[in-house]
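Start from the sequences, fold in the hints, and give me the full structure.
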Amino acid sequence: MLKSPILINIHGIPVYWTMTILVMGLILFTAFIVGRSLKVVPGGIQSFFELIFIMTEYFLKEIIGEEGSVYLPLIASFAVFILFSNLIGSIPGFTSPTATIDTTAVLALIVFFLSHAVGIKKHRARYIKKFLGPLIIIAPIMIIIEVMSALSRPFSHALRLFANIFAEEFMVTVLLFLLPWAIPAIMMYMQVFTDLMQAFVFYLLSIIYIALSLEETH
Amino acid sequence: MFKYLISFFTFLLASIFNVKAFAAKAVNTTIPLHHHIVNNSALLSKSLFFGLSALGGGLAIGLGVIGAGVGMGNAVRGALESMGRNPGMEKKLIVWMITGMAIMESLALYALLITFILFYANPFKAIFIK
Chain V
1 MLKSPILINI
11 HGIPVYWTMT
21 ILVMGLILFT
31 AFIVGRSLKV
41 VPGGIQSFFE
51 LIFIMTEYFL
61 KEIIGEEGSV
71 YLPLIASFAV
81 FILFSNLIGS
91 IPGFTSPTAT
101 IDTTAVLALI
111 VFFLSHAVGI
121 KKHRARYIKK
131 FLGPLIIIAP
141 IMIIIEVMSA
151 LSRPFSHALR
161 LFANIFAEEF
171 MVTVLLFLLP
181 WAIPAIMMYM
191 QVFTDLMQAF
201 VFYLLSIIYI
211 ALSLEETH
Chain P
1 MFKYLISFFT
11 FLLASIFNVK
21 AFAAKAVNTT
31 IPLHHHIVNN
41 SALLSKSLFF
51 GLSALGGGLA
61 IGLGVIGAGV
71 GMGNAVRGAL
81 ESMGRNPGME
91 KKLIVWMITG
101 MAIMESLALY
111 ALLITFILFY
121 ANPFKAIFIK
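Quick mapping for you: the protein sequence lines, in order, are chains V and P.
Residue 1 is where the first sequence starts when you use our numbering, and the numbers rise one by one after that.
Residue 1 is where the second sequence starts when you use our numbering, and the numbers rise one by one after that.
There are no misleading hints in this set.
Which residues of chain P face chain V? A partial, calculated answer using Cβ under 8 Å:
#	residue
1	I98
2	T99
3	S106
4	L109
5	Y110
6	L112
7	L113
I should point out that these hints are in silico values taken from the structure, not numbers from a laboratory.
Note that this is a predicted model, so its numbers are computed, not measured.
Beta carbons are placed, not taken as given, at the ideal position from N, Cα and C, and that holds for glycine.
Right, dumping it as structure tokens:
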């Protein structure tokens, strides 16, 4: 398969491990630099982090409700990590860690287990009512459909992010082979837009999945 | 009408026999003569497998994009209609429209994934290449 050259490639370990560690180091470094000198009137990079914080707070309050503010650290760090790891693929010589199914599957499984654990903790035994459907007569059929849809959620959640990031990287590489001038640069500009969009979609869907298991059954 | 049919069928027959002739030529040049009959079926199954997986890959992305395109068109139409009725909601609607479109776009990308699997990481390739 076509692959763009990688700048940092330690022999023996997969390339996305290096990239994940690089992204984590970058986030820690940036957070340290920003957190050391906080200002009342935020500068460029501080306002970016504040934007993510305020946006997460808003969405959690809007979708989950008052009890949603507990999940702010997790969801906001999802947003930062996925955004940085998507965007690092645009730099030549690096590749996105989210372009492999392993990274996205781990993130999706965290959301899957967390949402069900939180739902069981809140509703106790009544949590099974979510899988029984509206009428008690059709419950034996509905439980199969509901369990299947619940199990396919982390699958599609992981595959969506992976397929988007992988496809756009592949498309840029293919275009570089076809037309080496100017046109791949336009596609790389589109890549930044897709990166932002997919990070937002993953982040929003993880909030929605938690909200779905927290809401009251009627 | 009949004339066209006749020419079409002659074209089809000629192409089939041409392919057979070329295949026989390839077999004759690459493999010694006494292996000819034994390896012909293996060659046929191999070429059938690769041709069909390429066809399946093309069909997967082609048919997958139809559904995603129709869905995205519907979504944009709905959003534009409600924007025309109520221009005050424009900002909120555009955000949700683009989010929904990104989710729909991923449906087409699942089809692209199937195409990639069929082309590059075919799970049944190990049976045919030994």
